[in-house]
Amino acid sequence: EAGVTQFPSHSVIEKGQTVTLRCDPISGHDNLYWYRRVMGKEIKFLLHFVKESKQDESGMPNNRFLAERTGGTYSTLKVQPAELEDSGVYFCASSRPGTSAQYFGAGTRLSVL
Amino acid sequence: AQSVTQLDSHVSVSEGTPVLLRCNYSSSYSPSLFWYVQHPNKGLQLLLKYTSAATLVKGINGFEAEFKKSETSFHLTKPSAHMSDAAEYFCVVSSLQGGKLIFGQGTELSVKP
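These protein sequence lines map, in sequence, to chains A and B. Numbering of the first sequence is given in our numbering, commencing with residue 23 and proceeding in unit increments. Numbering of the second sequence is given in our numbering, commencing with residue 3 and proceeding in unit increments.
Bound conformation, chain B alone (with noise of 0.2 Å):
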């Protein structure tokens, strides 16, 4: 069975200082590994995904991911916040070529001036 924990509920930073929002993942198989966000009154848009090649995934908006078998984590982080950063972030999970998508609980990130 596969699952998702995304470790805090909400985060908050300063603008301009590093983002790290933590997911842990338990998968059977060998997992595809997605982080999506959705900002308020938005759709879920794909920030990035693993499947099983590089570890260190870059994404879209200067966010990326490290894949890390030995502690099953596959923690979000961006060096500098944007205010435009402010949204809710999902870890998401699927072992199965296009297969349901299993997500986590979600991170509220706030951004501060």
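Next comes chain A alone, as it looks inside the complex (with noise of 0.2 Å):
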């Protein structure tokens, strides 16, 4: 069974530019998860689909951040425009319908320059 996979693993953009962050889960996963780190913070959540409907978006820091799930299957993760304090290490992961436990993509490493 593949497992999550994200890519770019590393993006370097400069300030006020796009980048699109790409997720695919574990097939058979409804549920798809967005967290991050900034450096020297804890790992933070983002948001949560449940197939392609937004479950929980508490996360996301503002407007400039857009996530999709057309389909109910991978995921993207928009910045536009970046700013210097978007550049952490984005990790995405997923779980079965009705389980706890979630399993995490390497992360894509950001730097906004």
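Keep in mind that the hints were calculated from the coordinates and are not lab data. Given the structure is predicted, the values throughout are model-derived calculations rather than measurements. Where hints are given, some of them may not hold.
Derived PhoX-like pairs (lysine-lysine); straight-line CA-CA distance at most 25 Å [claimed, not checked]:
1) A:Lys63 to B:Lys51
2) A:Lys66 to B:Lys44
3) A:Lys37 to A:Lys100
4) A:Lys63 to B:Lys44
5) B:Lys70 to B:Lys60
6) A:Lys37 to A:Lys73
7) B:Lys70 to B:Lys44
8) A:Lys76 to A:Lys66
9) B:Lys71 to B:Lys60
10) B:Lys44 to A:Lys100
11) A:Lys37 to A:Lys66
12) A:Lys100 to A:Lys66
13) B:Lys51 to B:Lys70
14) A:Lys66 to B:Lys51
15) A:Lys100 to A:Lys76
So the derived label-pair ranges between C-beta atoms look like this [as the list claims (entries may be wrong)]:
16) B:Glu66 to A:Asn84: 40 to 50 Å
17) B:Leu58 to A:Glu105: 40 to 50 Å
18) B:Pro42 to A:Glu105: 33 to 43 Å
19) B:Ala56 to A:Met61: 11 to 21 Å
20) B:Lys114 to A:Gln102: 45 to 55 Å
21) B:Glu73 to A:Thr92: 45 to 55 Å
Not the full set, but computed from the structure, chain B residues with beta-carbon under 8 Å of chain A [what the hints assert, rightly or not]:
22) Gly45
23) Leu46
24) Thr53
25) Lys70
26) Lys71
27) Ser72
28) Met85
29) Ser86
30) Phe92
31) Lys102
32) Phe105
33) Gly106
34) Gly108
In this text, a Cβ means the ideal position worked out from N, Cα and C, and glycines have one as well.
Starting from two chains that each stand alone, build the complex the way the hints lay out.
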């Protein structure tokens, strides 16, 4: 069984540019989550999809962040326009319906210069 | 509200000696608790989980954790450290099945030869 895959693994962009991160969950996992770790801080929740619906987006920092999960399969997280403080590692995780354990991808390291 | 406190930001042990990584939690509900590990340049890997069954939970690679409700603790232990255990470890709580995870600050484990 393939794990959660994320790409790119690393993205370097300039302030004001747009970046799109992609996450492919484990097949059959209806739940998909995005998290972020900013340098020196703890990993924090951004949002949760159940299939294609946003179940909880309470962690999204502002309206420069847009997450989508068309068709309930892969998800994208777009940052537009990127700011310096958006730098960090963005993790995606997925889980089966009715379970609590989440399985994580390797993350995308975003550097905004 | 749920929260997690990892009591040590960095722990250093010698190979072959016991490992103790400390975690205290706060939860309004009966929590699900997890330990995840992140090796350098890798994703987060689930070590073990507690979901209200046995209070002593065994995980992968010889790790185990004990849920102590009276002390609100969920410390991670291993009888004998191996060089390959060097990594960052995260104590995590989730109050709702399928809900967001709340991470501790992480504990960096170093293993000396």
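Evaluation of the provided hints:
no. : hint                             : result
1   : A:Lys63 to B:Lys51               : 23 Å, holds
2   : A:Lys66 to B:Lys44               : 18 Å, holds
3   : A:Lys37 to A:Lys100              : 14 Å, holds
4   : A:Lys63 to B:Lys44               : 18 Å, holds
5   : B:Lys70 to B:Lys60               : 15 Å, holds
6   : A:Lys37 to A:Lys73               : 32 Å, violated
7   : B:Lys70 to B:Lys44               : 30 Å, violated
8   : A:Lys76 to A:Lys66               : 17 Å, holds
9   : B:Lys71 to B:Lys60               : 17 Å, holds
10  : B:Lys44 to A:Lys100              : 23 Å, holds
11  : A:Lys37 to A:Lys66               : 22 Å, holds
12  : A:Lys100 to A:Lys66              : 17 Å, holds
13  : B:Lys51 to B:Lys70               : 14 Å, holds
14  : A:Lys66 to B:Lys51               : 19 Å, holds
15  : A:Lys100 to A:Lys76              : 15 Å, holds
16  : B:Glu66 to A:Asn84: 40 to 50 Å   : 41 Å, holds
17  : B:Leu58 to A:Glu105: 40 to 50 Å  : 46 Å, holds
18  : B:Pro42 to A:Glu105: 33 to 43 Å  : 27 Å, violated
19  : B:Ala56 to A:Met61: 11 to 21 Å   : 38 Å, violated
20  : B:Lys114 to A:Gln102: 45 to 55 Å : 46 Å, holds
21  : B:Glu73 to A:Thr92: 45 to 55 Å   : 46 Å, holds
22  : Gly45                            : 4 Å, holds
23  : Leu46                            : 4 Å, holds
24  : Thr53                            : 6 Å, holds
25  : Lys70                            : 20 Å, violated
26  : Lys71                            : 18 Å, violated
27  : Ser72                            : 23 Å, violated
28  : Met85                            : 22 Å, violated
29  : Ser86                            : 18 Å, violated
30  : Phe92                            : 7 Å, holds
31  : Lys102                           : 4 Å, holds
32  : Phe105                           : 4 Å, holds
33  : Gly106                           : 7 Å, holds
34  : Gly108                           : 7 Å, holds
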